[in-house]
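Asker: Residue numbers (our numbering), protein chains in the order written: chain U, 72 to 419; chain S, 26 to 341; chain D, 145 to 529.
Think of the hints as simulated: they come from the structure by calculation, not from any bench.
Where a beta carbon is used, it is the ideal one built from N, C-alpha and C, also for glycine.
Hints are supplied without guarantee of correctness; some may be wrong.
One-sided excerpt, in silico: chain D residues whose CB lies under 7 Å from chain S [stated by the list, open to error]:
#1 Gly285
#2 Phe389
#3 Ile413
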Amino acid sequence: MREIAVVAFTQSHHSGEDLGLAEIEMLAPVITGIKEKTGLKQFGFTCSGSCDYLAGAPFSFVSALDAVGAWPPISESHVEMDAAWALYEAWVKLLHGEIDTALVYGFGKSSQGELRTILTQQLDPYHLAPLGIDQVSLAALQARAYMERSGAKEDDLRAVAARSRASGRDNPFALHLPEPGDGDDGGYDVAPLHPYDVAPITDGAAAIVLAAGDKARELCERPAWITGIDHRTEAHAPGVRDLTRSDATRIAGEKAGAAGVEVAELHAQFSHEELILREALGLGDDVTVNPSGGALSANPMMAAGLIRIGEAAARIHDGTASRALGHASSGPCLQQNLVCVLSGEANE
Amino acid sequence: MPSNTGPSNTGPNHVLEFPGGYTRSVGPVIGRFLSDLRDGRLVGVRTADGRVLVPPSEYDPDTGEDVTDEFVEVGPVGTVTTWSWVPRPAKEHPLDRPFAWALIRPDGADTALLHALDLGVFEEGADPPKFLKTGMRVRPRWRAERTGGIGDIECFLPEVTLINAPTRLEYSLKGGQALGRFLEGISQGKILGHRCPVCEQVIVPMKGLCPRDGVPTTEEVELPDTGTVTTFAVNNIPDPRAPEVPFVSGYVLLDGAGLTMLTLVAGVPADQVRMGMRVKAAWRPREEWERSMGNIKWFEPIDEPDVPFEEIKDFM
Amino acid sequence: MSNPCAVIGVGQTAYRTKRLDVSMAGLLREAARRALDDAGLTWKDIDAVVVGKAPDLFEGVMMPETFLAEALGAKGKPIMRVHTAGSVGGSTAIVAAGLIQGGVHQRVLTVAWEKQSESNATWALTVNSPFTTSLVVGAGGYFAPHIRAYMRRAGAPDHIGMLVAVKDRENALRNQYAHLKIPGISREMVESTPMLWEPIRYLETCPSSDGACAMVLASEDAAKKAPNPPAWVHGTSMRSEPMMFAGRDSVSPQGGKDAAADVYRQAGISDPRRELDCAEVYVPFSWYEPMWLENLGFCGESEGWKLTEAGATAMDGDIPWNPSGGVLSSNPIGASGMIRFAEAALQVRGQAGDHQVDGARRALGHAYGGGAQFFAMWIVGSDKP
Chain U
72 MREIAVVAFT QSHHSGEDLG LAEIEMLAPV ITGIKEKTGL KQFGFTCSGS CDYLAGAPFS
132 FVSALDAVGA WPPISESHVE MDAAWALYEA WVKLLHGEID TALVYGFGKS SQGELRTILT
192 QQLDPYHLAP LGIDQVSLAA LQARAYMERS GAKEDDLRAV AARSRASGRD NPFALHLPEP
252 GDGDDGGYDV APLHPYDVAP ITDGAAAIVL AAGDKARELC ERPAWITGID HRTEAHAPGV
312 RDLTRSDATR IAGEKAGAAG VEVAELHAQF SHEELILREA LGLGDDVTVN PSGGALSANP
372 MMAAGLIRIG EAAARIHDGT ASRALGHASS GPCLQQNLVC VLSGEANE
Chain S
26 MPSNTGPSNT GPNHVLEFPG GYTRSVGPVI GRFLSDLRDG RLVGVRTADG RVLVPPSEYD
86 PDTGEDVTDE FVEVGPVGTV TTWSWVPRPA KEHPLDRPFA WALIRPDGAD TALLHALDLG
146 VFEEGADPPK FLKTGMRVRP RWRAERTGGI GDIECFLPEV TLINAPTRLE YSLKGGQALG
206 RFLEGISQGK ILGHRCPVCE QVIVPMKGLC PRDGVPTTEE VELPDTGTVT TFAVNNIPDP
266 RAPEVPFVSG YVLLDGAGLT MLTLVAGVPA DQVRMGMRVK AAWRPREEWE RSMGNIKWFE
326 PIDEPDVPFE EIKDFM
Chain D
145 MSNPCAVIGV GQTAYRTKRL DVSMAGLLRE AARRALDDAG LTWKDIDAVV VGKAPDLFEG
205 VMMPETFLAE ALGAKGKPIM RVHTAGSVGG STAIVAAGLI QGGVHQRVLT VAWEKQSESN
265 ATWALTVNSP FTTSLVVGAG GYFAPHIRAY MRRAGAPDHI GMLVAVKDRE NALRNQYAHL
325 KIPGISREMV ESTPMLWEPI RYLETCPSSD GACAMVLASE DAAKKAPNPP AWVHGTSMRS
385 EPMMFAGRDS VSPQGGKDAA ADVYRQAGIS DPRRELDCAE VYVPFSWYEP MWLENLGFCG
445 ESEGWKLTEA GATAMDGDIP WNPSGGVLSS NPIGASGMIR FAEAALQVRG QAGDHQVDGA
505 RRALGHAYGG GAQFFAMWIV GSDKP
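Based on the sequences and whatever the hints tell you, model everything.
Answerer: Here is the structure:
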């Protein structure tokens, strides 16, 4: 297989409130930034991830194209998914296409609506959505099931949140959130989840440039080579799944070769998800998880999964890790999962 | 036989009614059927050659032979094999609004059961609804209090084929900085654009970047509110913003702009709009101005000669 | 570097205004199962699923492939969702083909669909932010001026659009899945229908349909085991350009020209009119046939309408366009592009039934979307490239 690497990563200074920028105004500096970083003005392929429901209007990706400078016309595609899957599509394109570079980006302004209500519209429209059950309530069902199976306690979830927020406060791009318990009344959001167990509403954007072979070496001193990438889905219906495990992540991790990573950026939007994901990926205590603060410190929809890959790649770029893992998730209760394993050394 | 001399304003003059109603023995087969009905189940009986009769009888209607003693639960879903439509129900009818009679073959049965089919609310005299068809799938509506009679099924209902899913999501959208500035201009009667530093064209409304070159734009340019219609359509389907038809939607190239704007063209009969026609913005009265494109009602002709096609053909 | 990719299964639903007899899952499964049957496969043989559709607002389910995962047999497998506006059916097929060409998978199921009857197309396509600067909405109001511009530029006579409207509906009469079937369709009939958005008449536009289209794509090894003849992918291309910018040609967009040039180069084609045997091209308004004839290089500038007028694109012409009846006869928006791609494959597999172009060996599938700014194309052939 062709050697393909993450050679550049940029993200916005994510915001917990609406700064009055249009999506494209949030995205444009990120695109401009990654063009400057790589010195590239044109890319062999461009792929983005976004979601119409976040702004409540169709074709979010169409106006976003204005930020790219799609002239002369570009080879381009879009997924109505987190941009981590756009990266997957771009990776496939690089495997077989007559191209050496690809631009991937994702963006989302969750501040414009009630995100948890909006995500209800993602559920089975016959049996689930009419009940009005929301994303946090479903996650809480999963948390309860996981805690009962594993013996984990609310304090274990709180520890995940505390560590994530502490790391996030060291990340200039993340929201800077207080220690769990500071400033809240200690009550539940939806039991057993406390407000700090739930990823914050975040506006933001991110971009990654992929490059193949020598082009990657030319563009980046220490490319983060993709040694494995895979994604899988669970069934959607919560009643037919084992909610306490993430089989999709386990399979994707095995296919992508997750064993032996030093750093993992996990797209856990709720504290308990990190514990489920660690188990599915077989990550031991020696693996550094979410040094960026993870989604619990900044969760711009449609970009947060891509950011996990970008943050993992950044650990390779700066030499602090030789093998790192980025994970992205989509759908209720970790339904879909993508695992991307990155290395300072290309595959043999 | 009841005396029946047709409708009468004074009521019947003869009633034949057995006091208390007849008492009928139902035998083992019908009895089994009605007992199961009372329990909320539909059963049929199997014939010697394997067919399932619903409602069951003690004999095979084709051969006259006894049926077997095997009862089979069927349905409750069934298929309409034929139907009639009652636009004006009689008082004896099971429903007091228009409904259908139907022969219904329950799933698992080889014969059909006659029953009423309720299709919803219709005005008296209504024609049969289009969705009432042979082949329609139906289910029984059971009475809460059942006594062991065919009326334990109040009627049949169409299967659920459609659910209504009202959804309402609320957003607080912000238009962004560039659009905000553009609308600020509009609120003051000015049309603002940005000049791209690369292609040097004026982009209106500005977006804070050039879609063609992908670079930020900041140089503000005020444009006149006059321009040229490049091309247009005569619309005969009402639009929320142009409820009266015909109306003209057209691309207008403002003087000095690098690209056209899609807008309404009015103040002229639709059949007199021309490519190359010179137009000017028709502003609402100043006291009605808001931060909205609605300050411009439309573009309307001005008394200038048309622009030759050659000069506008590259702006389409 | 690129592995061969074959279409070994095609499945379509009947296209109708309202498919009230099926759920969303049922609609997709109807097409998918037919594609699997054609390929001689079952759900478990599939390695990955790629789904495409146009805006989620049509059905009011955000990312509906999420809830449809198990309905598509995807549990434990990769499933992706592509959305590139009207071109999405084509883009989806191209993304699925990439999984084979990149050597990632052996057998990929791809499905594109729309169930427009769950809401209303005009609403779903034009829900607008409160900050719009446009004074007009609606696809007809957007495209009709471009058609007028084409007529003026090319000097095309008014009746050309009607010829396409008749020709595609005549073709639809031979397609078992087509939505609009108008026996005795004639120019007089088209002419008698009202102008919706002058110069577009009612019968010069596409219908609103429910429907799904599916394909099974396979590697060379997997294709060898297929019971029916494969269609080989000879080239794929996608191009996008912004909707509005200074100097844009909205009548014959550069993106379409570039995508065509790219796909012809991959397939080794220099004269598409002569070297292709037929084409399934996204023509939602009749006038887009002559416009795309020029944009896709089947003739020179301002010559497209002459080909249409001469009957070159009819079933008995030298380059039949839309033997299936095209988008003008069936338009489940998100699926319409894939239907073009799949019909092209059916032609070169010799499986197009009553609308088969005799001896078709190479065919173009084409889709476009947005403000005629997103393009997806592929060329398929009966011979392995």
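Asker: Indicate, hint by hint, whether the structure satisfies it.
Answerer: So, going through the hints one by one against the coordinates:
no., hint, in the structure
1, Gly285, "holds (4 Å)"
2, Phe389, "holds (4 Å)"
3, Ile413, "violated (29 Å)"
Consistency with the previously given hints fails for number 3 only.
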